[in-house]
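**Q** Chain A is already provided as a structure; the job is to place chains B, C and D on it using the hints.
Protein chains in written order, with the working numbering: chain A, 1 to 288; chain B, 289 to 576; chain C, 577 to 864; chain D, 865 to 1152.
No lab work stands behind these hints: they were computed from the structure.
The beta carbon of each residue, even a glycine, is placed where N, CA and C say it ideally should be.
Each statement offered as a hint is correct.
Chain A side only, calculated, beta carbon under 8 Å to chain D, not exhaustive:
id, residue
1, R150
2, I161
3, V165
4, P185
5, T194
6, T197
7, G201
8, R211
9, M218
10, G223
11, V227
12, S234
13, T237
Ranges of calculated distance between the beta carbons of each label pair, as one might list FRET restraints:
id, chain 1, residue 1, chain 2, residue 2, range
14, A, T271, D, S953, 56 to 64 Å
15, B, I345, A, Y54, 49 to 57 Å
16, D, L1073, B, V504, 35 to 43 Å
17, D, R949, C, A848, 52 to 60 Å
18, C, Y602, D, F893, 47 to 55 Å
19, C, A723, D, V1029, 22 to 30 Å
20, C, T646, D, L1073, 30 to 38 Å
21, B, S377, A, T40, 31 to 39 Å
22, C, H627, D, L1073, 22 to 30 Å
Here is what each chain is made of, one letter per residue.
There are 4 protein chains.
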Amino acid sequence: MVGREGGWRERLFIIIFEADTRAGRYFDFLLIAAIVASVTVVMLDSIPSIHAKYGAILHGFEWFFTVVFTIEYAARLMCVNHPTRYARSFYGVIDFLSILPTYASFFYPGLRALVDLRLLRLLRIFRLLKLAAYVDEYVQLARAVRASRRKILIFLSVVAILVVVNGTLLYVVEGGERTAFTSIPTSVYWAITTVSTVGFGDIEPQTDLGRAIASVTMLIGWGILAVPTGIVTSEMTAQKFQKEKVTTRTCRECLTTGHDRDARFCMHCGTALPRYESDETYRDNAKN
Amino acid sequence: MVGREGGWRERLFIIIFEADTRAGRYFDFLLIAAIVASVTVVMLDSIPSIHAKYGAILHGFEWFFTVVFTIEYAARLMCVNHPTRYARSFYGVIDFLSILPTYASFFYPGLRALVDLRLLRLLRIFRLLKLAAYVDEYVQLARAVRASRRKILIFLSVVAILVVVNGTLLYVVEGGERTAFTSIPTSVYWAITTVSTVGFGDIEPQTDLGRAIASVTMLIGWGILAVPTGIVTSEMTAQKFQKEKVTTRTCRECLTTGHDRDARFCMHCGTALPRYESDETYRDNAKN
Amino acid sequence: MVGREGGWRERLFIIIFEADTRAGRYFDFLLIAAIVASVTVVMLDSIPSIHAKYGAILHGFEWFFTVVFTIEYAARLMCVNHPTRYARSFYGVIDFLSILPTYASFFYPGLRALVDLRLLRLLRIFRLLKLAAYVDEYVQLARAVRASRRKILIFLSVVAILVVVNGTLLYVVEGGERTAFTSIPTSVYWAITTVSTVGFGDIEPQTDLGRAIASVTMLIGWGILAVPTGIVTSEMTAQKFQKEKVTTRTCRECLTTGHDRDARFCMHCGTALPRYESDETYRDNAKN
Amino acid sequence: MVGREGGWRERLFIIIFEADTRAGRYFDFLLIAAIVASVTVVMLDSIPSIHAKYGAILHGFEWFFTVVFTIEYAARLMCVNHPTRYARSFYGVIDFLSILPTYASFFYPGLRALVDLRLLRLLRIFRLLKLAAYVDEYVQLARAVRASRRKILIFLSVVAILVVVNGTLLYVVEGGERTAFTSIPTSVYWAITTVSTVGFGDIEPQTDLGRAIASVTMLIGWGILAVPTGIVTSEMTAQKFQKEKVTTRTCRECLTTGHDRDARFCMHCGTALPRYESDETYRDNAKN
Chain A
1 MVGREGGWRE RLFIIIFEAD TRAGRYFDFL LIAAIVASVT VVMLDSIPSI
51 HAKYGAILHG FEWFFTVVFT IEYAARLMCV NHPTRYARSF YGVIDFLSIL
101 PTYASFFYPG LRALVDLRLL RLLRIFRLLK LAAYVDEYVQ LARAVRASRR
151 KILIFLSVVA ILVVVNGTLL YVVEGGERTA FTSIPTSVYW AITTVSTVGF
201 GDIEPQTDLG RAIASVTMLI GWGILAVPTG IVTSEMTAQK FQKEKVTTRT
251 CRECLTTGHD RDARFCMHCG TALPRYESDE TYRDNAKN
Chain B
289 MVGREGGWRE RLFIIIFEAD TRAGRYFDFL LIAAIVASVT VVMLDSIPSI
339 HAKYGAILHG FEWFFTVVFT IEYAARLMCV NHPTRYARSF YGVIDFLSIL
389 PTYASFFYPG LRALVDLRLL RLLRIFRLLK LAAYVDEYVQ LARAVRASRR
439 KILIFLSVVA ILVVVNGTLL YVVEGGERTA FTSIPTSVYW AITTVSTVGF
489 GDIEPQTDLG RAIASVTMLI GWGILAVPTG IVTSEMTAQK FQKEKVTTRT
539 CRECLTTGHD RDARFCMHCG TALPRYESDE TYRDNAKN
Chain C
577 MVGREGGWRE RLFIIIFEAD TRAGRYFDFL LIAAIVASVT VVMLDSIPSI
627 HAKYGAILHG FEWFFTVVFT IEYAARLMCV NHPTRYARSF YGVIDFLSIL
677 PTYASFFYPG LRALVDLRLL RLLRIFRLLK LAAYVDEYVQ LARAVRASRR
727 KILIFLSVVA ILVVVNGTLL YVVEGGERTA FTSIPTSVYW AITTVSTVGF
777 GDIEPQTDLG RAIASVTMLI GWGILAVPTG IVTSEMTAQK FQKEKVTTRT
827 CRECLTTGHD RDARFCMHCG TALPRYESDE TYRDNAKN
Chain D
865 MVGREGGWRE RLFIIIFEAD TRAGRYFDFL LIAAIVASVT VVMLDSIPSI
915 HAKYGAILHG FEWFFTVVFT IEYAARLMCV NHPTRYARSF YGVIDFLSIL
965 PTYASFFYPG LRALVDLRLL RLLRIFRLLK LAAYVDEYVQ LARAVRASRR
1015 KILIFLSVVA ILVVVNGTLL YVVEGGERTA FTSIPTSVYW AITTVSTVGF
1065 GDIEPQTDLG RAIASVTMLI GWGILAVPTG IVTSEMTAQK FQKEKVTTRT
1115 CRECLTTGHD RDARFCMHCG TALPRYESDE TYRDNAKN
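Next comes chain A alone, as it looks inside the complex (with noise of 0.2 Å):
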C-alpha cells in the first residue's frame, strides 16, 4: 500500500508498461498509431518517385516520430527502477535501435543506410499488441504455439530432409550448366517453392522423369501440409477446457509480466506488487 502512493514514476509506469487502466489504453494506442505512422514514412520514402517529389516533407515527419520515440525512451529509462537492466532487455535494445539511425544519418551521412533499422520498430507492437482487450485471445494463441513448438520443430527437420532430397533427385535428373537446376542448392529452392505449395515458375522441370518426380513431391507436400495443421489445431482444441483471465500488471523491479489479480509479490523476483488497478477497481471505489 505504501509503495502505491509512491508518486508520478509509479503513476507512469502503470500508463506506460501496463494496459488495464484507460490512460494505460490510450498511451497504447496512441504508440501504435505514431509506429505504424513512421513505418508508413520510411516504406513510402523508399519508393523513387515519392522520395523526388515529397522527400523533404518525410524528412520532417521523420524527424517528429524520433523525437517522440525519444521522449517515450527516456520515459521509460526514467519509471523503471533498474534503467540499466531495462536498457540491456529485448525491447530496450529494439527501443534503442529504433531512434538510432536517425541520428547517426545526421552526425555521419554516410550511415544512410542503417536507416531501414528504423523498421525494427514494428517489432515493439509485439508488446503494445497486449492490449487489455486482446490480451486473453494472444495469450492463448501464444501458449498454444509454444505448446505445439517441439512437435513442429520434428515436423520441419522431416520437410528439411524430403526438401534436400527432392531437390536433389531433380538436380540428378534435370541439371545441367543449360537448364534452371544449376547446383544442389538451387534445386533445393526450387523444392521449397514447391513443397510449400508457392510455385513460383522461375524453375521448372522440363523432362518426363522431372515432371513426374515434381508430382509426387507436389502430393507429398500436400499430405504434410496437414500434419501442422492438426498439431495446432488438437493443441487449440484442448486449450479451450483450460482458461483463464489474465492481466497485464508487470513488476517494477524485473518487469515479468501477467501477475494474477490478487498477487502480492512479483512471482520471479519476490518485490512486493502495489495493489491491482483497472477500470473495475475505479468502478469499485466509486461503488463505496
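**A** Frame of chain A, contents of chains B, C and D only:
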C-alpha cells in the same frame, strides 16, 4: 392474432423479408435467379467481342432487370413500417445503389463508368442465403467465424508485421532500380504473395542470400497457415455441442431477424410480433 | 436359403457386384488393373512421338481391353434381375460409354474424336474402391463429406461472391484493352486463381492500387481457406464416435448396396436378400 | 544382470544404438552434426563457381567424413550380435551406400556420377531423430500418420482420378501441337500443379472454356485440400488421450526398438534384455 390478419402489407412483408413460408421461399429463389442473371449480363457485356455483337440485346436485358429490381425496392419500402429507416439501413442503401447506375447513365451518358456499381447486387444474395433450408448452417458458420474474430485479428497483425519485416529484408538484400524489388511497398507485396503461398512469379529473388531468406519466409508462412485453420476448427468443434433451431422471423419495426419460434415481442425494440408462420404451421392448421 | 442355391447367375452376381468373398475381391483387383492399364494406353497414345513409334501396338492393346470390358458388361447385364434397369443406371451408362468409342471409330472413322470418352472408365474405379479391405474408411470419408455438404455449398457461394466482387474491382482499377484484365470474366478468373492460392502468374496487377487490392484478396482468401478445413475436420472428429461395420451386400432387384450383415430384406425395395456370404461365412461353415 | 557387465561391446551398443544415456545422446548429436556438415559439403561442391575455387578443400573434407562414417559403420557391425543381419537391414544398407561412392570414385573415376548417393546419408537422420528429448513427440506424430494411412490412400486415389479426368478434359478443350497441352500426360501434370495449388504458370489454359474448367478444378482442389487435414487432425486429437512414455531401448538380437522400461525380454524375438539404463538410473544408483 389481431396483427396477423392486418392485410396485404403484412402478407407482403412475410413473403419478401422472411423465408419460412412456401411463398417466401419462391420469392427468394426467383430473386436470386434474377440477381445472378443480371450480374451475368453485366459480365458478358464487358467482353469487347460480345459487346460488339450482342450489345443491344444485353442492354435490353439490363433495362428489364432494372425495372424488376425497382419494383422490388418499392415493394420493400411499402411493406415496412418505417420506410426511411429501411432506406438508410445497409441493405436499403445497396438496394438503391444497384438500380441507380442504369437510370443515371440514361440521363447523364457521361456517368457510364458507374455501371459497375450494379455488381453490388451480388451482396444482396447474402440476405437471401438465409433460405429456410440453409439458415441453420449459415448461422452456425457465421457464428463460428464471429467467435474467432478477435483471434484472427491478432493473427493478421502478426502476419502484417512478419510481411513488412521480411519484405524490407529482401529490399535491403536485393533492392535496386534494376531489380524487381524497386521499393519497400513492392517488396512487401512480394512477401504477401509468398507467405500466402500464391507465388505469382513476377517478382522473385535472384541472389543466393535473397533465396535463403525467401525459403525461410515460405516455411514460416506454411507453419502460420495452420493457425487460422486451428482457430476456426476448434471453434466449430465447440459449436457442435450447442446447436439450436433458428428462424428467419423479422421485426417489422427495426428489421432485427432471428427471433425464436415462440417469441411474442421483438428482442431489440419490444414491438409485438405477429404469430410465427411456417410450413409446419399450415400443416398443423390442416390437422385441426 | 432356397434363393441362394439359385445357380451360376447368383454366383456371378456375388463375384461381380460384391466384394466380401475371395473370388469377388480377385475380380475387383483384376478389373482395377485392367482399367488402369487401358487408361495408361490411352494416355501414352496421346503423346505424338510415342504414337508415331508404337501406335500399332497400342491400338492392339486397346482392342484387347475393349473386348474384355465388353465381356464384363455382358456378364453384368446377364446376372442382374432387371437388365434394362441396370443399363439405365449411372454405372450402367458409364460401362456402356467406355466401350462404345472403340467400336464407333471402327465403323465410322470420323468419330475418332470420341476416343477420349474411354477415360470415363476411370470413374468405374469408384465403384471398385469398395474393396472389402478399404470399405470402412471409404464409407467414413464419404459420410463426413456428405454431412458437410450444405455448409460447403454455403461456403462456396460466399467464395463466388467474393471472387466476382474482387475481380470486378481489379477490372475497374486496372482494366483496359492493353492490360491483362481485358474483361470482367478474365478478372474473375484471376481472382479465383488468387483466392485459391494457385497464382499462375499470367495475369497480374501492375498498378499500386491493384496490388493493394490483390494483397487484401490474398489475406482474405487465406483466412477463408480455414473454413472448409474446419467444416470437414469437425465432422470427422464427430464421426470417430459413431463407427459401425459395413458390407458390400447388394440387392439384385434395385442394386442398393451396404445392407447390414443380418438384413433379410432390401431396405429400399423389400426384396428378400440371399444369405450373407463372406470369408468368415466359409470359415464358419468349415468349423461346423 | 549377467549380460549387462558383458564388456565394451555392450557399452558401445548402448552408446551407438540407444539415446537414453548421456554418452548416447552426445554420440547422436555429433553424428547429426557430421551428417549435416558432410551434406553441406556435397551441396556446395555442386555449385560450379565454388567447385572451381574450393574444390580441393571440399574434396579433403569429403574424405574426412567418409573415414568417420566408415569407422562408425565398422563399430555398428562390431557391437551387434548378428553383423550380417544388420548389414542387410534398411539402415545397414543406407549406411553402406553412403560411404561407398567416395571409395568407388577413387578406384574407378568413371563412377563419379554415383557421388550423389552420398545424400542418402540424410535418411540416417531419421534414426537419430529419436533423441531422448524428442522421442515422445516423434512417436506420437508417426503413430498419427500411420493410423490415417488407409484413409490417405483412398483420398490419394480419388485425387488421382480427379486429376486424370480434369487433365484429359483440358487436353480435349485446349490440346494441340502449338499449345502447351501437347499430350494427356502433360495435361495431367498441369492438373496436379493446379489441384495442389502450386501453380507454376508454364502451362496455362488460354481459351474461355479451358479457364472455366480450370476454375472449377481449383475450387474442387481447395475443398479437397480440407480432407487430409481433417484426417490427420482428428487422429491427433484422438491420440491426445492415449499418451505413454517411450524409450529407445533396442534388442541386440533383432534390433527392435521401443521396449518398455520394465521389459525383461524382447517383444519380437524373446531374447533377454539387459537392465534398462538412463540418466535417471544413474541418479537412482547415486542415491543408494
